[in-house]
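Residue 183, in our numbering, is where the sequence shown stops; the numbers in between run on with no holes.
The hints are simulated quantities; they were obtained by calculation from the structure and are not laboratory data.
Worth double-checking, as some hints may not be accurate.
Mimicking SDA-like on lysine to any residue, the simulated pairs with C-alpha atoms at most 20 Å apart in a straight line are [what the hints assert, rightly or not]:
| hint | residue 1 | residue 2 |
| --- | --- | --- |
| 1 | K144 | Q172 |
| 2 | K141 | S96 |
| 3 | K141 | G37 |
| 4 | K144 | P164 |
| 5 | K90 | T29 |
| 6 | K144 | K120 |
| 7 | K90 | P71 |
| 8 | K120 | N86 |
| 9 | K120 | T105 |
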Amino acid sequence: MTTTAPETNAVFAAEHDVPIPYMQRTRDYYLALGYSPYRWAHFVEVPFTPLRTPLGQARVALITTAAPFQPELGDQGPGAAYNAAAKFYSVYSGDTAVDHDTRISHIGYDRKHTTAKDSNTWFPLPLMCEFAAQGRFKLAKRFHGAPTNRSQRVTLETDAPEILARCRQDQVDAALLVPT
4 MTTTAPETNA VFAAEHDVPI PYMQRTRDYY LALGYSPYRW AHFVEVPFTP LRTPLGQARV
64 ALITTAAPFQ PELGDQGPGA AYNAAAKFYS VYSGDTAVDH DTRISHIGYD RKHTTAKDSN
124 TWFPLPLMCE FAAQGRFKLA KRFHGAPTNR SQRVTLETDA PEILARCRQD QVDAALLVPT
């Protein structure tokens, strides 16, 4: 049931219509598996560099956590059950001038409330190609896949520096990170 705030005529959402508490669910999940309480990466200062080039002239890279489709590893399509076999553990790159089939069955997402049918939610390369053709930005020659093995140490010490090195090789000005 919705209600209206009399002073503004704003309509309030129903009491049950609240965000999914995924952070607490994740903590509870790891605790149930016997791990110590999960600590989310949270920093006092976040490194940020303002874009020095106007976006229309900037070279933009796509960084995704989607995995390349590997048919021998079982169902990985939209709505597929969690498929740990489809995980990847090393940074990978692909040519942005070529179509790619990436999937997200290796990710622990809320399969009850989403269908995972729109690949732009995890791999918006076709949309980025369209925007680049419109002159909104220049698309980097490669996109990069970031592993999701849930280790902050490996991400910070291995994967992120590798992706940064590849972006620098491609003379990237900005990156769009699409985590799933």
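Hint check:
1. In summary, the hint linking K144 to Q172 is supported, as the alpha carbons are separated by about 10 Å, within the 20 Å threshold.
2. With a C-alpha separation of about 17 Å, the suggested pairing of K141 with S96 holds against the 20 Å cut-off.
3. Pair hint K141 plus G37 does not hold up; C-alpha atoms about 47 Å apart against a cutoff of 20 Å.
4. For the given pair, K144 sits about 19 Å from P164 by alpha-carbon distance, which is consistent with the 20 Å threshold.
5. This hinted pair checks out: K90 and T29 have alpha carbons roughly 18 Å apart, not beyond 20 Å.
6. Only pairs whose Cα atoms come within 20 Å are accepted, and K144 paired with K120 is rejected, the gap being roughly 26 Å.
7. Our distance criterion of 20 Å between C-alpha atoms is met by K90 and P71, whose separation comes to about 9 Å.
8. For the hint linking K120 to N86, the alpha-carbon distance of about 16 Å falls within 20 Å, and the restraint holds.
9. A C-alpha spacing of about 12 Å is found between K120 and T105, which places the hinted pair at or below 20 Å, so the restraint holds.
Of the hints listed earlier, those the structure fails to meet are numbers 3, 6, in rising order.
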